[in-house]
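J.: Which chain is which? The protein sequence lines are V and D, in order. For the first sequence, the working numbering gives the first residue as 1, with consecutive numbering after it. For the second sequence, the working numbering gives the first residue as 1, with consecutive numbering after it.
Keep in mind that a hint or two might mislead.
Calculated cross-link-like contacts (lysine to aspartate or glutamate; reagent style EDC-like; alpha-carbon spacing at most 20 Å) [to be verified]:
hint : chain 1 : residue 1 : chain 2 : residue 2
1    : V       : K61       : D       : E179
2    : V       : K27       : V       : D63
3    : D       : K275      : D       : D174
4    : V       : K27       : V       : E79
5    : V       : K61       : V       : E24
6    : V       : K27       : V       : E12
7    : V       : K61       : D       : D236
8    : D       : K217      : D       : D236
9    : D       : K275      : V       : E151
Worth flagging that the hints you see were computed from the coordinates, not collected in a lab. Only a predicted model underlies this, so the values are computations on that prediction, with no experimental measurement involved.
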Amino acid sequence: MGEGETTPPMVEARAVRKSFGRLEVLKGIDLTVERGQVMVIIGPSGSGKSTFLRCINHLEKIDGGRLLVDGELVGYRQEGELLYELREAEVARRRSRIGMVFQRFNLFPHLTALGNVTEAPVQVLGQGREAAEAHGMQLLERVGLADKAGEYPSRLSGGQQQRVAIARALAMEPTLMLFDEPTSALDPELVGEVLDVMQQLAVDGMTMVLVTHEMGFARRVGHQLVFIDGGVVVESGPPADVIERPTHERTRAFLSRVL
Amino acid sequence: MADAEQLRAVPVRHWGRWVSGTLLVVALAWLIAAAVDSEFVDLATVRKFLFNRSLLTGLRNTIVISVLAQVIGIVLGVLLAVMRLSPNPVNRTFSGAYLWFFRGTPVLVQLLFWYNLPGVFANLTIAVPFTDVVLFTTPMTSFMTSFMAALLGLGLNEGAYMAEIVRAGILSVDDGQVEAAHALGMGPTLTMRRIVLPQAMRVIVPPTGNEFISMLKTSSLATVVLYGELLRRASDIYSTNLRTLELLVDASLWYLGLTSLATMGQWFLERHFAKGHRRG
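Can you build the whole structure from these sequences, using the hints too?
T.: Quick look at the structure:
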């Protein structure tokens with residue numbers, strides 16, 4: 001990829017298709033995320049928005065089309081018209097530069113907060129434990145949880161767990177962060193602390209793709225809002241435009257329900 | 001109407017528990033009195049042989065064979081469980097067939113089978129297949145000793161049971177854990193070793209402790225292949241002095257001691273692997 005002079009966009013999806021058995025979930029998704037941009041994906045449940053997010057780091061395999069991250073196919077190697085699936089170790093290597101934050105946190109319960117943050121840098125990147133822990137403490141500081149470094153996840157609130165999860169993803173020094181409904185499993189009063197951390201990340205210039213129902217956040221932080229329904233991108237544009245002047249009937253109907 | 005502040009809650013009285021408890025204690029006391037009166041074992045003989053040198057060697061052998069067979073069982077169990085959950089159908093089928101065979105035949109039969117192998121195969125030979133190159137050869141009789149027969153019989157059989165325990169443990173770990181590990185760039189082996197198995201341990205350890213306690217007792221079956229464990233030594237002694245019950249009591253006391261120790265060990269292990277799951 002890359003014709004030399006221009007750097008490729010961070011994420012480039014062309015006609016991405018994905019089926020679960022006979023159910024086609026993604027019917028040709030086209031979208032582009034530029035470096036430093038925050039893309040917010042919205043859509044009704046079952047629209048395929050989370051599936052698409054999971055395709056970006058190859059947690060789900062795509063059945064057709066092309067999905068490039070940083071100009072590189074994530075799970076495949078292209079030769080002519082064929083996409084050869086890569087070996088798992090190779091996929092893992094490419095994935096390590098893409099951070100992901102899950103709806104249900106998925107912290108490792110047998111490791112402390114700091115252990116969660118240092119696990120992958122030590123085991124995957126081969127960092128020394130001391131260096132990884134020093135960096136890990138910086139990251140926990142950044143999400144406001146330096147004092148909880150020694151706690152196990154079961155002793156942390158949902159909001160704190162999600163902030164540790166963000167620190168854990170950042171420890172791999174990702175060039176792209178994916179957020180899959182990061183605040184949907186949180187009590188309402190804990191949502192703010194997580195969104196604050198995410199907003200700070202965006203301000204610092206991290207490229208982010210997030211699936212969320214937080215329309216206020218989308219409007220405040222997002223550069224691009226994408227409405228997905230029925231496995232296709234129905235409408236996209238600057239968040240304020242899409243929210244205030246949706247051009248599509250389906251977008252209008254969805255927004256009237258969530259706003 | 002009493003003042004609300006003076007009201008007091010009185011728990012239900014469980015009279016039935018008192019009655020059944022009393023009956024049980026009386027019955028037990030009567031049983032013990034009857035046993036002492038009948039003098040069916042001579043306590044002096046029990047005391048005399050409890051620390052008999054030969055019996056203590058048997059005790060050591062019981063510990064050795066149980067620990068080694070359990071280790072083989074655990075290693076095999078992890079391998080078989082991972083194979084059982086593998087996407088490779090050959091691995092899955094092999095593991096399934098192993099379980100079917102070793103759980104489907106009595107361990108006593110398996111012990112006798114290994115012990116009688118020298119009657120069929122004269123030599124144990126390791127060679128490069130389809131060539132004449134022989135790497136190692138030894139008479140089967142010198143390889144398949146009582147010890148090896150007991151070790152293979154108990155260990156291979158245990159592997160089948162451990163496989164199910166480990167599999168249940170692996171399946172108890174939430175899929176989200178694997179996804180999170182993969183998303184961090186961890187490959188399948190690293191994910192299994194660092195994320196899945198440590199969490200599965202919480203589910204694996206308690207039944208494995210039970211398996212080991214069970215193994216301490218099942219190892220007495222090795223008496224049929226003439227391995228000198230506790231029961232073998234006890235029966236060697238009573239076959240000459242005819243104090244059968246006394247020596248069985250001695251052996252039982254040692255078995256009880258071993259299983260009690262193992263139970264305590266299990267308690268500490270469980271506490272260790274519950275890390276991160278206690279709420280403060």
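J.: For each hint given before, does the structure comply? Return the numbers of the non-compliant ones in rising order.
T.: 4, 7
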